[in-house]
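Residue-level listing of the chains:
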Amino acid sequence: MAEVSLIVNGSKHVLDLQPGMPLLWALRDSLNLTGTKYGCGVSLCGACTVLIDGKPTRSCITTVADAADKHITTIEGLSKDNSHPLQQAWIAEEVPQCGYCQSGQILAAAALLSEHPKPSDAEIDEAMSGNICRCGTYQRIRAAIHRAAAASKTTRVVLDGGS
Amino acid sequence: MSSSARLDRRAFLKSTAAGGAALVVGFHFPLAALAQQSQQRPPVNPFNAWVRITPSGDVTLTMAKSEMGQGVMTALPMILAEELDVEWSRVRIEQARTDPQTYSHGTGGSGSVAGSYLPLRKAGAAARAMLVTAAAQNWNVDVSACRTEKGKVIHGPRNTVLTYGELVEAASKLPIPDLNKVTLKNPADFTIIGKSTPRRDTPLKTNGAAIFGLDVRVPGMLYAVIARCPTFGGRAKSFNADKARAVPGVKDVVQIDAIAAGANSAGGVAVVAENTWAAMQGRDALQIEWDLGPHASESSELLSQKFAELIAKPGTVIRNDGDAEGALASATTKFEATYDLPLLAHATMEPMNCTVDVRADSAEAWVPTQGPDWAMFAIAQVTKVPREKINVHTTLMGGGFGRRYQADFVVEAAQVSKAIGKPVQVVWTREDDMQHDFYRQATRQSLAAALDDSGKLVAWRHRIVSTSIRAFWDPPDRAKPAQQEIGSAAFIPYNAPNYRVEYSNPPSGIPVAWWRSVEDSMSGFTVESFVDELAHAAKQDPVEFRLKLIGEQRKVPNVLWPEAHALDTSRHVAVIKLAAQKSGWGSAMPARRGRGIAATYAFDTYVAQVAEVSVAGDGKVRVDRIVCAVDCGRVINPDQVKAQMESAIIYALSAALHGEITIANGAVQQSNFNDYEVLRMPEAPKIEVFIVPSEADPSGMGEPGVPPTAPAVANALFAATGKRVRRLPIRTADLSA
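Protein chains in written order, with this note's numbering: chain A, 2 to 164; chain B, 80 to 816.
Rather than coming from a laboratory, the hints here were simulated on the basis of the structure. The model shown is predicted, which means the values in this text are computed figures rather than measured ones. Any given hint might turn out to be false.
[Said to hold, decoys possible] Listed next, the in silico DSS-like pairs over lysine-lysine satisfying Cα-Cα at most 30 Å (straight line):
1. B:LYS765 <-> B:LYS413
2. A:LYS13 <-> B:LYS330
3. B:LYS765 <-> A:LYS119
4. B:LYS559 <-> B:LYS392
[Unchecked claim] Here are the computed distance ranges between Cβ atoms for each label pair:
5. A:GLY21 <-> B:PRO669: 11 to 21 Å
6. A:LYS56 <-> B:ASN744: 48 to 58 Å
7. B:ASN753 <-> A:VAL15: 52 to 62 Å
[To be verified] One side of the interface only, derived from the structure: several residues of chain B facing chain A at Cβ under 10 Å:
8. ALA175
9. GLY287
10. THR355
For every residue, glycine included, the Cβ atom is placed at its ideal position computed from N, Cα and C.
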């Protein structure tokens with residue numbers, strides 16, 4: 002066990018953790034931020050996706066040691082009130098069904114839009130191929146990403162908690 | 080869920096306690112008790128069960144089914160709100176307490192909207208009637224002189240108003256109207272039902288606020304991860320927990336028994352810890368000696384051999400019109416095909432889990448479950464806490480697909496909590512979930528048919544062999560192995576004067592249960608592939624051929640479940656024609672591209688799908704588009720009907736392209752998404768859904784979109800390549816040019 006400093010959604014937390022603990026469990030069990038989900042534990046499904054310094058990262062295989070002192074954004078940090086363009090687009094397109102994969106989907110989409118503000122279908126498919134949805138919302142996710150891209154006035158999406 | 084299990088709602092109403100209900104699930108005693116309860120339910124005051132109104136007019140409606148993504152949290156309250164006559168935007172929704180006396184909780188068999196439509200209309204109408212009566216009494220006028228308008232009762236030439244908020248206290252004390260006599264709205268006057276309505280759970284599913292089973296946190300809660308024997312039916316002979324206990328954060332290690340009756344849980348050794356990661360690490364550090372149990376030699380190869388033996392012999396006769404064997408024997412041209420479908424995992428996005436707090440004389444549970452009443456019975460069974468003292472909260476869940484109806488993950492949590500005297504959340508890893516599932520049955524099915532010179536079906540013989548669900552769950556003297564294995568194979572819409580269906584099953588220890596559309600996930604593929612093979616053999620267009628075989632309009636009774644709606648061939652034909660038309664059926668397609676159609680009837684809903692595929696030279700398949708026509712009777716929320724079709728299609732396609740669970744040495748060989756692949760966005764086709772307007776009673780939507788997808792794709796692949804897929808998952812090598 003060791004002291005680890007995690008900066009999550011702009012707030013710093015100093016926690017006593019096993020350095021090898023995946024960030025996912027520190028978020029969910031130590032900080033009670035349960036918006037980031039467990040789906041596979043081996044970075045295959047994308048449900049655990051967070052942003053670390055703006056980059057999409059699988060928190061199930063990123064240790065707290067590796068995440069220490071970096072800026073972590075979880076779904077809870079995207080906005081205070083569902084006002085992020087992607088969240089607005091997700092709601093307009095009625096994307097979620099069970100909803101379990103959607104935190105990871107939205108963060109992966111946020112990372113995509115920060116690199117490709119007006120992505121093509123092929124770019125969306127490629128960027129989102131790591132995020133599994135068992136309820137079959139892929140078509141609506143694509144539509145929502147296009148909608149958010151069209152709605153964005155800035156060319157770069159600025160993310161809360163980014164450096 | 081099978082139509083048989085869905086129809087338990089009708090069975091409850093009609094059957095005696097010992098009769099219909101006991102057929103349905105492994106829980107014999109509790110289900111019989113449920114059936115009795117539902118018959119004996121006293122009339123329920125809608126203001127206790129369904130509607131709460133504050134003096135200022137805020138309305139909260141209760142939802143008693145499980146929201147697993149299918150949209151019931153929105154659709155069911157829409158029905159209540161319509162008859163109650165309140166402003167939808169002001170309505171709040173809450174999950175019902177688990178109370179089988181008041182509510183029919185079980186969510187499955189595509190039966191939530193279908194089964195709740197009339198009861199909720201009546202409940203809403205009864206509440207409205209009581210509010211009107213309260214107003215009329217207040218004004219000393221006749222109820223016929225009063226009308227309602229979005230939360231207000233209005234009377235007289237000056238439109239005097241009393242709001243529901245002002246009336247509710249008096250209204251809720253009035254006698255409950257006879258539900259068979261309440262006035263229901265004329266559907267022509269619906270203002271809420273039938274409109275695409277934003278789902279109420281969408282916002283919380285976009286900002287991390289939605290609480291799934293795995294997100295439950297209660298004070299003092301610990302986390303447990305369980306080591307289960309890798310082989311079916313095995314158990315821990317002995318174990319050494321020294322290393323497990325040495326993992327920081329591990330608090331305890333307890334062994335729990337397998338629970339057979341109604342749960343078929345594996346039992347095992349639970350490591351209990353302060354956080355999930357420590358529990359997982361602790362479990363990995365256990366040293367266990369397993370008694371591998373009676374099924375340790377079970378394998379996919381052995382199963383295939385048993386299938387081969389059984390498919391070669393006649394089975395138990397399920398249906399026998401005329402003399403199919405005779406007609407086939409004397410036919411000049413006979414067509415035969417044998418199909419193989421594998422075991423399939425549910426692979427819900429959220430793995431199984433359950434949180435239970437067993438106290439001295441009560442218990443509380445937070446369960447992502449499709450059956451909170453059964454969860455309650457299961458907890459009572461293993462803890463001996465009386466049912467009235469068990470409070471089960473139904474959480475949101477990351478997918479159900481039939482898996483979350485089971486009680487195995489519930490009893491485990493109750494057992495661990497009882498053993499350690501603390502609230503505990505049992506977490507299943509993805510590997511646990513993949514390897515301790517209750518799989519969709521494996522099946523081998525052979526079909527034989529003869530056509531006359533005009534291309535009409537003379538004989539149709541369908542022999543089905545599968546790893547039977549009922550044989551796995553029910554004692555041998557009571558099991559009806561064929562019950563959830565046949566589905567619409569027993570009442571095809573195609574006219575066949577000689578029509579024979581047979582069934583047999585090998586003994587098997589492989590755990591099987593309901594997987595989205597159950598028996599129709601199998602018979603949809605085999606029937607719609609075979610009729611397509613006949614069409615091509617007869618050199619006829621597959622759409623025209625089907626229409627010819629269906630013939631004149633008639634009703635085809637569901638011979639397995641006579642209480643279900645008969646298949647109305649005019650509705651069946653309508654979806655076939657609509658899907659064909661919207662897909663541009665008949666227009667030329669380039670080389671190595673093709674269209675295929677399939678149409679199925681399941682859960683009283685008609686679905687036709689046309690798939691368009693492209694096949695690369697090496698056989699790699701791309702499904703480009705699926706055009707879907709659906710008739711599910713009256714639609715509550717049109718956008719969600721589309722969403723459920725999209726969902727079912729992707730679920731079915733994932734299985735058709737990738738899904739296969741294999742067994743070796745009595746254990747499942749797959750473990751995670753690396754070796755049990757599922758469909759990802761780049762493979763998702765464009766899906767277009769067309770809903771047939773209908774005023775028939777609403778019928779199911781959760782599952783009916785599954786059965787036609789795989790055969791539509793297989794039929795498209797034949798059109799594209801001339802190669803017939805007779806086994807799933809589709810293999811690239813089988814389709815190379």
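Hint numbers not upheld by this structure, sorted from lowest to highest: Failing hints, ascending: 1, 5, 6, 7 and 8.
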